[in-house]
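Please model the complete structure; the sequences and the hints are all you need to start from.
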Amino acid sequence: MVKFENVTKLYENGTLALSGVNLKINKGDFAFFIGPSGSGKSTLIKLILREEETTEGDVIVNGFNVSTMRRKDIPHLRRSIGVVFQDFRLLPGKTVYENVAFAMQIVEAMPKEIRRRVPMILGLVGLSKKASAYPNQLSGGEQQRVALARALVNNPALLVADEPTGNLDPETSWGIIKLLNDINQMGTTIIVATHEKSIVDAMKKRVIALSKGEIIRDQEKGLYENEDKNHEIHN
Amino acid sequence: MKIRTTKYIIKDGIINAYRNKLMSLASIIIVTASLLVFGIFLLISVNIKYKIDDVMQKQLQIEVYCDSKLDETQVDSLEVQIQKNQYVSDVRKVTKEEALERCKKLLEENGKILEGYDQSFLPESFIIKIKDPEHIKSVVEDFKKLQGVDDVGFLEDNVVELSSISYWTRIISILILIILLSVSIFIISNTIKLTVFARRREINIMKYIGATDLFIRLPFIVEGIIIGFIGAVISFVITYYFYTTIEGQVSKGIVGENFNFIDINSIVLYVIGSYFIIGTMVGGIGSGISIRKYLHV
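Respectively, the protein sequence lines represent chains U and D.
Quick note: the first sequence uses numbering that gives the first Met the number 0, first residue 0, plus one each step.
Quick note: the second sequence uses numbering that gives the first Met the number 0, first residue 0, plus one each step.
Sample of chain U residues with no beta-carbon within 12 Å of chain D, all distances over it, derived:
(1) Thr7
(2) Gly139
(3) Glu219
(4) Lys220
(5) Tyr223
(6) Glu224
Capping the alpha-carbon separation at 30 Å, the derived lysine-lysine pairs in DSSO-like fashion look like this:
(7) D:Lys6 / U:Lys93
(8) U:Lys128 / D:Lys20
(9) U:Lys111 / D:Lys1
(10) D:Lys10 / U:Lys71
Read the hints as simulated data drawn from the structure, not as lab findings.
Source: prediction; values computed, not measured.
Glycine included, C-beta positions come from ideal geometry on N, C-alpha and C.
Pasting the structure below:
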């Protein structure tokens with residue numbers, strides 16, 4: 000589903016964000032990218048979305064070779080990925096309904112299909128009653144749920160979330176994470192970049208830890224901190 | 000692109016123009032103001048041209064005097080040559096008899112001294128109407144060179160002067176119109192740039208969800224066209240109202256008896272045409288271009 004082959008990313012300002020990263024995420028996985036700020040997890044997400052280009056190596060996402068693709072193919076890549084950001088990124092001039100419908104309009108879905116699917120997805124994230132509200136009339140948690148609805152409405156095989164709970168209080172964060180888990184149960188591959196220990200520890204999913212642009216740990220059912228390391232320290 | 004997408008794009012453009020009321024209003028005001036400045040000058044220059052042409056039209060006659068020794072066939076061939084000139088609209092022959100009559104009239108009471116004279120000493124001549132005041136000078140020069148022409152005269156002396164005024168007025172007004180047009184386009188497209196700048200984040204988000212450049216750009220173009228169109232309508236209404244009002248006042252004789260404007264109906268198409276073309280084209284193309292910068296995400 001997502002494959003990084005020897006990926007190096009050197010930003011123009013000279014920052015080495017990733018060096019020699021190899022990574023494979025399979026269909027149906029739920030993976031956390033963890034690490035402190037500047038560790039490279041955001042760069043991983045940016046490369047998946049082709050917001051940035053690799054300096055070396057290949058990134059394969061949903062069958063697209065992201066590192067060699069042409070500019071005009073980028074929209075097709077992005078349509079195959081549902082994406083959620085820390086700052087929600089909803090269209091301020093559109094209502095909740097229109098924000099979700101927009102993702103379907105860009106893929107030229109049938110109006111009938113849009114009218115059927117948007118209310119259904121809004122129901123799934125629990126926002127049926129807020130369909131005609133504008134984003135600035137919603138709480139942070141509600142906005143993130145709209146973003147989630149928008150990411151899901153086209154039934155993407157892959158959903159990428161960059162610090163989805165970064166702007167939310169713990170309780171609301173849990174709501175979002177539970178939703179992500181439910182979506183994963185339905186078969187969608189999910190990648191979440193986060194530095195929230197409590198969430199990672201509670202979920203016990205695959206953990207890919209980054210530090211200074213390198214993967215230092217890739218562990219199934221992992222925790223935020225490396226248990227072995229903790230053990231070493233205690234000894 | 001599918002029909003439903005086209006529908007969506009047009010609808011979205013209209014909704015956006017409505018929801019970004021403040022920005023749309025500001026843009027409409029600026030489009031209107033620019034068009035009005037342009038329009039006022041257009042009307043002034045059209046009227047000046049009209050006035051000058053009007054004065055000249057009445058005086059656009061020259062008279063070509065033939066050599067008095069020419070015989071009838073030579074005079075006829077001269078007439079044919081004159082008629083061939085592209086700027087000549089009408090030629091009337093003045094016979095020797097007529098010329099004598101005219102002389103007698105000119106001399107009034109003293110006309111008697113011509114009695115007993117034969118008309119043969121007088122030359123035949125042609126009174127010629129010229130189509131375009133600007134060419135009168137060159138036409139006169141051409142006729143002077145013709146074989147058998149003795150002299151060419153104007154019926155009024157100031158025609159030459161007026162024709163050069165007419166020429167320069169036209170050149171200068173075209174220049175000023177071009178400058179004003181460029182300034183309007185510059186101001187309008189800058190306003191659009193501002194509205195696009197205010198929504199760069201929105202454009203950015205659309206890109207992240209996988210919208211194509213065209214899909215993002217088209218509603219902005221529709222929006223720009225709508226704003227330009229509304230601006231054009233408002234400027235036209237204002238222009239029409241003030242023009243007819245001023246025209247009415249002036250023709251009542253406030254400024255002077257002899258001053259009449261061009262009838263608005265004869266230039267209304269010019270005004271509508273230029274307003275709508277400038278408004279919608281600049282609006283549409285301007286926003287299409289301004290948005291480009293923000294599409295590279």
